[in-house]
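Q: Chain residues, written in single-letter form:
Protein chains: 2
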Amino acid sequence: MPFYALLLEYEGTPFRGWQRQVGGISIQEVLEEAAGKLKRGAAATTVAGRTDAGVHAAGQVVALELAAAFPAEQLAAALNYHLRPHPVSVLRAASAPPGWSPRFSAVRRTYRYVILNRPAPPALAAGRVWHVPQKLDAMAMAEAARPLLGRHDFSSFRAAGCQAKSALRTLDSLTVTRAEETIEITAAAKSFLYHQVRNMAGSLKLVGEGRWEPGRMAAVLAAADRRLAGPTAPAAGLTLLEVRYARDPFAPPSI
Amino acid sequence: MPFYALLLEYEGTPFRGWQRQVGGISIQEVLEEAAGKLKRGAAATTVAGRTDAGVHAAGQVVALELAAAFPAEQLAAALNYHLRPHPVSVLRAASAPPGWSPRFSAVRRTYRYVILNRPAPPALAAGRVWHVPQKLDAMAMAEAARPLLGRHDFSSFRAAGCQAKSALRTLDSLTVTRAEETIEITAAAKSFLYHQVRNMAGSLKLVGEGRWEPGRMAAVLAAADRRLAGPTAPAAGLTLLEVRYARDPFAPPSI
Numbered sequence: 745m746p747f748y749a750l751l752l753e754y755e756g757t758p759f760r761g762w763q764r765q766v767g768g769i770s771i772q773e774v775l776e777e778a779a780g781k782l783k784r785g786a787a788a789t790t791v792a793g794r795t796d797a798g799v800h801a802a803g804q805v806v807a808l809e810l811a812a813a814f815p816a817e818q819l820a821a822a823l824n825y826h827l828r829p830h831p832v833s834v835l836r837a838a839s840a841p842p843g844w845s846p847r848f849s850a851v852r853r854t855y856r857y858v859i860l861n862r863p864a865p866p867a868l869a870a871g872r873v874w875h876v877p878q879k880l881d882a883m884a885m886a887e888a889a890r891p892l893l894g895r896h897d898f899s900s901f902r903a904a905g906c907q908a909k910s911a912l913r914t915l916d917s918l919t920v921t922r923a924e925e926t927i928e929i930t931a932a933a934k935s936f937l938y939h940q941v942r943n944m945a946g947s948l949k950l951v952g953e954g955r956w957e958p959g960r961m962a963a964v965l966a967a968a969d970r971r972l973a974g975p976t977a978p979a980a981g982l983t984l985l986e987v988r989y990a991r992d993p994f995a996p997p998s999i
Numbered sequence: 745m746p747f748y749a750l751l752l753e754y755e756g757t758p759f760r761g762w763q764r765q766v767g768g769i770s771i772q773e774v775l776e777e778a779a780g781k782l783k784r785g786a787a788a789t790t791v792a793g794r795t796d797a798g799v800h801a802a803g804q805v806v807a808l809e810l811a812a813a814f815p816a817e818q819l820a821a822a823l824n825y826h827l828r829p830h831p832v833s834v835l836r837a838a839s840a841p842p843g844w845s846p847r848f849s850a851v852r853r854t855y856r857y858v859i860l861n862r863p864a865p866p867a868l869a870a871g872r873v874w875h876v877p878q879k880l881d882a883m884a885m886a887e888a889a890r891p892l893l894g895r896h897d898f899s900s901f902r903a904a905g906c907q908a909k910s911a912l913r914t915l916d917s918l919t920v921t922r923a924e925e926t927i928e929i930t931a932a933a934k935s936f937l938y939h940q941v942r943n944m945a946g947s948l949k950l951v952g953e954g955r956w957e958p959g960r961m962a963a964v965l966a967a968a969d970r971r972l973a974g975p976t977a978p979a980a981g982l983t984l985l986e987v988r989y990a991r992d993p994f995a996p997p998s999i
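Protein chains in written order, with my numbering: chain V, 745 to 999; chain Y, 745 to 999.
Incorrect hints may have been included.
Identical chains share a label here; the pair holds if one copy fits it or two copies do between them.
[As the list claims (entries may be wrong)] With a Cα cut of at most 25 Å, we get these calculated DMTMM-like pairs of lysine to aspartate or glutamate:
1. 879 to 986
2. 783 to 925
3. 783 to 969
4. 909 to 881
5. 909 to 897
6. 783 to 924
7. 909 to 809
8. 879 to 817
9. 781 to 817
10. 909 to 777
11. 934 to 957
12. 934 to 887
13. 781 to 881
If you are wondering where the hints come from, they were derived from the structure by calculation, not from laboratory data.
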């Protein structure tokens, strides 16, 4: 079966998340339906990061199998034509390298939370930011984030529904920066537990509000107990920024 | 009548523009309705820039008259409460200085066009950018923009429906910059003719595509003939960024 790599941007607000499910449209569904119109027959996808309902992507990576071959250089434009009017856009498409998996070949995933930290609610960025009206201390949040770096048991930040066998993960990067009214929390790791980024962000917000001392974050991590961490941050404001591979699936083939 | 200055952010996509009109909701209408809920009685507004349908604002300035006084420090939050779920947000509110008019006291208005210049359509920024798939030469656009600076008869860039008595305007700034796939055209002047920014942007795009030599922009300006300029650029992508006053209406009163 012909097998392609796609780089995808989407606005998550109108979707029930990446994965097909009853009770609403998913990104997977609209993408597979668009692909099904190219070549009559089934189209199947697998994905680097199964984003939740309302979570956005600037650089999601998808493997697409088609029933019959389609010219890779025309694939992005053809899919975008059939994806209208959904807010899903194929930025790049390429023939997938042999043996490549968007999920298992990934070496780094980067997610970003954007917090709009001002009294007035968002208008221009509605649905794309987490609105926190009370002033947050981004320096304290950055300090609290530091002990989470490296390899740990992240059970405290793992959702009840997480299906991973082990809660051990290696967090490569977790930064908190402020520019005027916007705070960005950026997290990078080979892989994350289910809701790990949202649960870390929910706890960091408690530090930013002054309800937690920065040192409490390390204590909560060490306890490996979900009940001790903060609430799950809302989906709006979270974006899958980038997925990296040892060999870029979109790079032109070397000669 | 108590008289307030408001700083407003809005997403223009769902509106027929600033001004009340039949056949759809306007920003003026939803703001005046929200204000009418604070104090029973009429609320009236005047505005710095009457944005078109689909045009956004990050810093629109409005004068609001209420039937009875309302504490200025609670006004933004109270209006935002009643503005829900419309994508209109009051960023600041203050008692208006005596004799101040948001429109006639303005000394500078700044508008920005954002062009998404890549083959794939926008998903995350849909409605907020002008999508131009063919590659634009931003350097050529910047060169073409330069002769428009200063005081000129801008008849070539004036809409047929413009009600201004004179087409003479002084353009303080017109820049074109590129960052990766995004081109920004930023224009600042004390005031603009109707559709002037959109018509200048439409012509600059022709330069960017190579359909016009950069020097043609100056010739079109000199001809003072609307038929010679490019088409009006679409509303999506245009944002009223800022309105400046000799005395900032939101500054705390000096003692």
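Q: Give a verdict on every hint.
A: Each hint tested on the structure:
no.: 1; hint: 879 to 986; result: between (29 Å within a copy, 24 Å between copies)
no.: 2; hint: 783 to 925; result: neither (47 Å within a copy, 31 Å between copies)
no.: 3; hint: 783 to 969; result: neither (49 Å within a copy, 51 Å between copies)
no.: 4; hint: 909 to 881; result: neither (35 Å within a copy, 52 Å between copies)
no.: 5; hint: 909 to 897; result: within (12 Å within a copy, 71 Å between copies)
no.: 6; hint: 783 to 924; result: neither (49 Å within a copy, 33 Å between copies)
no.: 7; hint: 909 to 809; result: neither (28 Å within a copy, 62 Å between copies)
no.: 8; hint: 879 to 817; result: between (48 Å within a copy, 17 Å between copies)
no.: 9; hint: 781 to 817; result: within (17 Å within a copy, 56 Å between copies)
no.: 10; hint: 909 to 777; result: neither (33 Å within a copy, 55 Å between copies)
no.: 11; hint: 934 to 957; result: neither (29 Å within a copy, 49 Å between copies)
no.: 12; hint: 934 to 887; result: within (22 Å within a copy, 45 Å between copies)
no.: 13; hint: 781 to 881; result: neither (50 Å within a copy, 35 Å between copies)
In summary, the numbered hints that this structure violates are 2, 3, 4, 6, 7, 10, 11 and 13.
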